[in-house]
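Enquirer: Sequence:
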Amino acid sequence: MRYSEMFIPTVREVPSDAEIVSHQLMIRAGLIRKLTSGIYSFLPLGLKVIRKVEQIVREEMNRSGAQEVFLPAVQPAELWQESGRWKMYGKELLRFKDRHNREYCIGPTHEEVITDLVRNEVKTYRQLPKNLYQIQTKFRDEIRPRFGVMRCREFSMKDAYSFDADWEGVDVSYQKMFDAYSTIFTRCGLKFRAVEADTGNIGGSFSHEFMVIADSGEDALVFCSVCEYAANIEKAEVAKPEKIPIDPAPLPVMEIVHTPDVRTIEEVSAFLRVTPQDIVKTLVFEADGTPVAVLVRGDEEVNEAKLRGYLGCDALELATDDTVLKVTGSPKGFAGPVGIKARTIADYSLMNRVHMVTGANREDYHATNVNMGRDFTVKEFADLRMVKETDTCPRCKNPLNFARGIEVGHTFKLGTKYSKQMRATFLDSNGQEKEMVMGCYGIGIGRTVAACIEQNNDTKGIIWPMFIAPYHVILTPVNVKDPLIMEAALKLYQRLTDDAIEVILDDRDERAGVKFNDADLIGIPLRVTIGHKRLSEGKVELKIRKTGEEKVFTIEDALEFIRRTVRE
RNA sequence: CGGGGCGUAGCGCAGCUUGGUAGCGCGCCUGCUUUGGGAGCAGGAUGUCGGAGGUUCAAAUCCUCUCGCCCCGACCA
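One point on numbering: in my numbering, the residue at position 526 of the first sequence is 527, and numbering is uninterrupted.
By construction, these hints were calculated from the structure, which means they are not laboratory data. A portion of the hints provided could be inaccurate.
To be verified - Pairwise CB distance ranges, derived in the manner of DEER restraints:
(1) R568 x R145: 52 to 58 Å
(2) V258 x E229: 45 to 51 Å
(3) A316 x D220: 20 to 26 Å
Claimed, not checked - Once the Cα atoms are required to be at most 20 Å apart in a straight line, the calculated SDA-like pairs of lysine to any residue come out as:
(4) K241 x G310
(5) K49 x K131
(6) K92 x A74
(7) K139 x A166
(8) K342 x D323
(9) K53 x I136
(10) K544 x I502
(11) K461 x L72
(12) K492 x R535
(13) K131 x D429
(14) K492 x K461
(15) K244 x L72
(16) K131 x R194
(17) K244 x A74
(18) K53 x K131
(19) K327 x G310
Beta carbons are placed, not taken as given, at the ideal position from N, Cα and C, and that holds for glycine.
Please model the entire structure based on the sequences and the hints provided.
Expert: What follows is the structure, given as structure tokens:
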């Protein structure tokens, strides 16, 4: 297309409210514009990239045997009440009423709708398995949208849902999606990693996140330096230590010490001259309204996602001051396991500790020489803490690496959570009614584009991988008023277009510098400069955006080179 | 929701403390020159100073309310 006719509003200055490169560059290169908080318009160049990613997604989904559908964005409250998520989902679910005062929401995800569809149509095991997907606009009323299209409220997502007759079936469906995702992100030119993940409020038993490795990523990841183990930090396991038998009898007896106004781990360790490792951190949580005390070594942090998983609860938060008072008999800062009135779970980090320091469950007092099995007993031990740099791989004990990542895809083995709740059943070969076993699989389209920019840019702008570049080539006639130059440019343009190569002809009456800078900014992989110097020898210059490499070609050789490079 | 910041020309900002002519850079328009890495000169257009109310002879500036946006935190498939 001719640049002069296109709508590519580039901007020279870095937008002041854009924090990360991809957001800055998407605005600067004229891919997106913000309408309102967390809601963006895609401009022609941005849309072209989106369509390319969608195309790759469609091809791979279809190849895996999934079929495309298109579900409604507006969904009735009844379905969400049926699944139980009308209450569970919270404020992120955008709800509204129609003129008849009936309640609706704008779909943040489509488990309810798809389950409803499938339960109405699928009656027998002969119709299974099925995998249906769509690419659709979702809305999640994020508390704080940020980073442009990376974390916005309205966004496009590919979501797929698999329905199987049994657990062996869902394993197959899940693996197909996992493989399709790997292919998709590879084709998008991304460096990514699939990690084990927490299932959050979607639920289910098993899940992977596809993470694009980037320092600006919002998630922290852990992966083994040797084996295949990789996990979101929320999920990352800590190996259970060996139990060493300890006879507490000969140890010094527990003492109650006056510790006025000494509450935090730092204060206690300074006041009593002990290390944080000697202290037991006692945290009181409320899990679905019931108080639970969690014990962890003073230098460790409780991982709430793990705790939620262990307890199998929906709502989990740190207890209020009132609850702490009720459970411990003292204000916050003096809780301890001795005599606490709540279910008590200890992290593995306390397993072999002796003569510990704990809160005394009495204001301004701590206890020392506290020993498990003598001064208090713990029935439950579990892995509840955050991993840290000094931990080793839970599978093979080799060192762990830490990185940050952008979640571009998420796969869940849902099991029967929705089919049970919404009675999506079928008759098996014995005539028995059974619940379908489901999986669900998402890819954030816009986020994938942003992540790609995050990984492929330099000080001049975006560097698109060829597969998702909005155009393959940009032709830059240095002076549009020179008839010879324009003639050559138009001829090249025609030849390339005939070969189905996507090309921009920068026919703007601008100085060469302006054109070069725009070409670099919008990141077109190949640029052909047509100027009088080379043209007088029948040649043109070809510059590769990624490497900065410049080649001088005859027009025929340039055509050949472009064809080859684009097809690779 | 808590803490902080910002709304002035299309964009980026100054002016506000101490009330009195609304300004700068970029962009835009016209003309001439220039034409291989964001040109030069000359001329020009553009504002409900986010909105409402108040104080005042007079408000971008002071006061009250309100809306929007951004950052940090909590939150989050």
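Enquirer: Determine for every hint whether it applies to the structure shown.
Expert: Structure-based check of all given hints:
Restraint check, R568 to R145: a C-beta distance of roughly 44 Å breaks the suggested window 52 to 58 Å. Between V258 and E229 the CB atoms are about 48 Å apart, so this pair conforms to the stated range of 45 to 51 Å. A beta carbon spacing of about 22 Å between A316 and D220 agrees with the range 20 to 26 Å that was offered as a hint. Of the pairs offered as hints, the one joining K241 and G310 holds, with about 17 Å between alpha carbons and a cut-off of 20 Å not exceeded.
Of the pairs offered as hints, the one joining K49 and K131 is violated, with about 31 Å between alpha carbons and a cut-off of 20 Å exceeded. Taken as a hint, the K92 and A74 pair is honoured in the structure, with Cα atoms around 17 Å apart against an allowance of 20 Å. Under the criterion of a C-alpha separation no larger than 20 Å, the hint pairing K139 with A166 is inconsistent with the structure, at around 29 Å. About 14 Å separates the Cα atoms of K342 and D323, which keeps this hinted pair within 20 Å; it holds.
The straight-line distance between the Cα atoms of K53 and I136 is roughly 13 Å, inside the 20 Å bound, and the hint therefore holds. Proposed proximity of K544 and I502 is supported: the alpha carbons are some 17 Å apart, at most 20 Å. Distance hint between K461 and L72 is unfulfilled; the C-alpha atoms sit about 41 Å from each other, more than 20 Å. For the given pair, K492 sits about 16 Å from R535 by alpha-carbon distance, which is consistent with the 20 Å threshold.
Taking the CA atoms of K131 and D429, the gap is near 15 Å; set against the 20 Å cutoff, the hint holds. A threshold of 20 Å between alpha carbons decides the hint, and for K492 with K461 the separation of about 29 Å lies outside it, so the pair is violated. Of the pairs offered as hints, the one joining K244 and L72 is violated, with about 53 Å between alpha carbons and a cut-off of 20 Å exceeded. The suggested pairing of K131 with R194 is violated, with an alpha-carbon distance near 27 Å, which exceeds 20 Å.
At roughly 54 Å between alpha-carbon atoms, K244 and A74 are farther apart than 20 Å, so this suggested pair is violated. Proximity of K53 to K131 is assessed by CA-CA distance (about 26 Å); at most 20 Å being required, the pair is judged violated. For the suggested pair K327 and G310, the alpha carbons sit about 25 Å apart, so the restraint of at most 20 Å is broken.
In summary, the structure is inconsistent with hints 1, 5, 7, 11, 14, 15, 16, 17, 18 and 19 from the numbered list given earlier, while agreeing with the others.
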